[in-house]
Amino acid sequence: MSQRTTEGSRSGETPVIELRHVEKHFGDLHVLRDVSLSVHRGEVVVVIGPSGSGKSTMCRAINRLETIDSGEILIEGEPLPQEGRELARMRAELGMVFQQFNLFSHMSVLDNVTLGPRDVLGLSREEAESRAMELLARVGVAEQAHKVPAQLSGGQQQRAAIARSLAMRPKAMMFDEPTSALDPEMINEVLDVMVELARGGMTMVVVTHEMSFARRVADRVVFMADGQIMEEGAPDAFFDHPRTQRARDFLDSIRGH
Amino acid sequence: MGLSELLGTYGQNYLDGLLTTWGMTAVSFVFVMALAVLVTVMRVSPLAPLRAAGDLYVQVFRNIPGVALLIIIAYALPSLRVVLEWRTCVIVTTILLGSAFGSENFMSGINTISVGQIEAARSLGLTFGQILRRVVIPQALRTTVLPMTNLLIAVMLTTALGSQVPLDPQELTGVVSYVNTRSTGGILAFLISALGYALTAFVISFVGNRVDRRVRILR
Chain A
535 MSQRTTEGSR
545 SGETPVIELR
555 HVEKHFGDLH
565 VLRDVSLSVH
575 RGEVVVVIGP
585 SGSGKSTMCR
595 AINRLETIDS
605 GEILIEGEPL
615 PQEGRELARM
625 RAELGMVFQQ
635 FNLFSHMSVL
645 DNVTLGPRDV
655 LGLSREEAES
665 RAMELLARVG
675 VAEQAHKVPA
685 QLSGGQQQRA
695 AIARSLAMRP
705 KAMMFDEPTS
715 ALDPEMINEV
725 LDVMVELARG
735 GMTMVVVTHE
745 MSFARRVADR
755 VVFMADGQIM
765 EEGAPDAFFD
775 HPRTQRARDF
785 LDSIRGH
Chain B
538 MGLSELLGTY
548 GQNYLDGLLT
558 TWGMTAVSFV
568 FVMALAVLVT
578 VMRVSPLAPL
588 RAAGDLYVQV
598 FRNIPGVALL
608 IIIAYALPSL
618 RVVLEWRTCV
628 IVTTILLGSA
638 FGSENFMSGI
648 NTISVGQIEA
658 ARSLGLTFGQ
668 ILRRVVIPQA
678 LRTTVLPMTN
688 LLIAVMLTTA
698 LGSQVPLDPQ
708 ELTGVVSYVN
718 TRSTGGILAF
728 LISALGYALT
738 AFVISFVGNR
748 VDRRVRILR
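Order-wise, the sequence lines are chains A and B. If you're matching positions, the first sequence starts at 535 in the working numbering and goes up one per residue. If you're matching positions, the second sequence starts at 538 in the working numbering and goes up one per residue.
No wet-lab data here; the hints were simulated from the structure. Cβ atoms here follow ideal geometry from the backbone N, Cα and C, with glycine treated the same way. Don't take every hint at face value.
Said to hold, decoys possible - Which stretches of chain A does chain B cover? Using the computed rule of at least three CB atoms under 8 Å from a CB of chain B, they are:
no.: 1; segment: 639-651
no.: 2; segment: 755-767
As the list claims (entries may be wrong) - Short, incomplete list of chain A residues facing chain B, as computed with Cβ under 8 Å:
no.: 3; residue: H574
no.: 4; residue: N597
no.: 5; residue: R619
no.: 6; residue: Q634
no.: 7; residue: N636
no.: 8; residue: V654
no.: 9; residue: L657
no.: 10; residue: A684
no.: 11; residue: L686
Stated by the list, open to error - Which chain A residues stay away from chain B? Per the calculated CB distances, all over 12 Å, these:
no.: 12; residue: E547
no.: 13; residue: F560
no.: 14; residue: G576
no.: 15; residue: L608
no.: 16; residue: E617
no.: 17; residue: D710
no.: 18; residue: E723
no.: 19; residue: E730
no.: 20; residue: G735
no.: 21; residue: M736
no.: 22; residue: V751
no.: 23; residue: F773
no.: 24; residue: T778
no.: 25; residue: R782
The shape of chain A in the complex, shown without the other chains (with noise of 0.2 Å):
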């Protein structure tokens, strides 16, 4: 198993995240059973599976967006707080990229990205604007800087909140099906950004559909069904030999036409 491998040739690192035996029910629903994840420094990892498969909600609940019934998540080997300004002081090292942006709309994309950085970094206005327009520049959104996010397109709007997070100087970056809001002709220019950041060595986990990118990019790919992580393993051979029934007819589904 490819999961045992990676976890043990690193053995003795601590992982960046890690999942313990998470339970979490939306009222009679249980959509996360007995999950367990551990993801390391510079590792990608990308969650696919049907829709309501708790795929969104794990990755929510790492920096406690969703909180959890039982089990444990730690960040670098520390629990993760419950509330107040330990909670925020984590989630400031933790990025979060969102299906719908979620930029705010009163401000400049300028202003977006340097808000964190002054108001939780503390860093000048000077510090904070250098570093957001060099990762707008990254991102390839630094021509709009000055434009409020009404003004931009999807993927632009995406790629200057990936400028947004990145911009914390994050230890492991969250996406939360980055692509699923954006027009097909914009997809790409985001799956760019994500790919030049996977390169880069960023610690990245990626809720997605995106199979292309997942093979391309993923160190390896967590499959989830029903709450639970049904098999994980490097993305061939994953997607080429999946092992259980439920991979199986998901993968058949997307690939059947």
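Based on these hints, arrange chain B on the given structure of chain A.
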């Protein structure tokens, strides 16, 4: 009494009345906005008792007639040894009523902010207070300029409660009573005051529209 005679005799009273109305309106509105923000922050806070207190405040002061509240403040509070100046009584009444409506305006403004933006702010590590200050309140303010313009006009009209207590100088509505107890100004005495209100309201809504166009958030 004709118009020129009325203005000749009582012109100064009307002018003082207009200035008094403006003064009380301005002071009231500053406190209305401050209190509306405070009450709204309570209503969205993570602490249930604060939320309940904020909701109660709005329910009480949105649903009480202005005159009843003024009577309580001006004539009942002194029994509890709280004696306020007449002018203060009117202003406090106006602030309590106006801030309840102002908070409702803010709540509707807050509801236009997507949950996603709040989650994004949380993910950046902003605290509750920072999220309020940097994300929620600025957007709530900028999306509620027009309702707040209406509120400012309502606050001005509410200061007419001042006609029910012996103010000195009187505000616009009080001036009408003053004039009509001394002369037979009739409807004309009212119309002069009404014109003062209407012109002020016109200017307020003109400015409000301009401000709204400048700060409106593109979505």
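Results for each hint:
| no. | hint | result |
| --- | --- | --- |
| 1 | 639-651 | holds (count 4) |
| 2 | 755-767 | violated (count 0) |
| 3 | H574 | violated, 22 Å |
| 4 | N597 | holds, 6 Å |
| 5 | R619 | holds, 6 Å |
| 6 | Q634 | holds, 5 Å |
| 7 | N636 | holds, 4 Å |
| 8 | V654 | holds, 4 Å |
| 9 | L657 | violated, 13 Å |
| 10 | A684 | holds, 4 Å |
| 11 | L686 | violated, 11 Å |
| 12 | E547 | holds, 25 Å |
| 13 | F560 | holds, 16 Å |
| 14 | G576 | holds, 21 Å |
| 15 | L608 | holds, 18 Å |
| 16 | E617 | violated, 8 Å |
| 17 | D710 | violated, 10 Å |
| 18 | E723 | holds, 20 Å |
| 19 | E730 | holds, 21 Å |
| 20 | G735 | holds, 21 Å |
| 21 | M736 | holds, 16 Å |
| 22 | V751 | holds, 22 Å |
| 23 | F773 | holds, 30 Å |
| 24 | T778 | holds, 32 Å |
| 25 | R782 | holds, 34 Å |
Against the hints set out earlier in the document, violations occur for numbers 2, 3, 9, 11, 16, 17.
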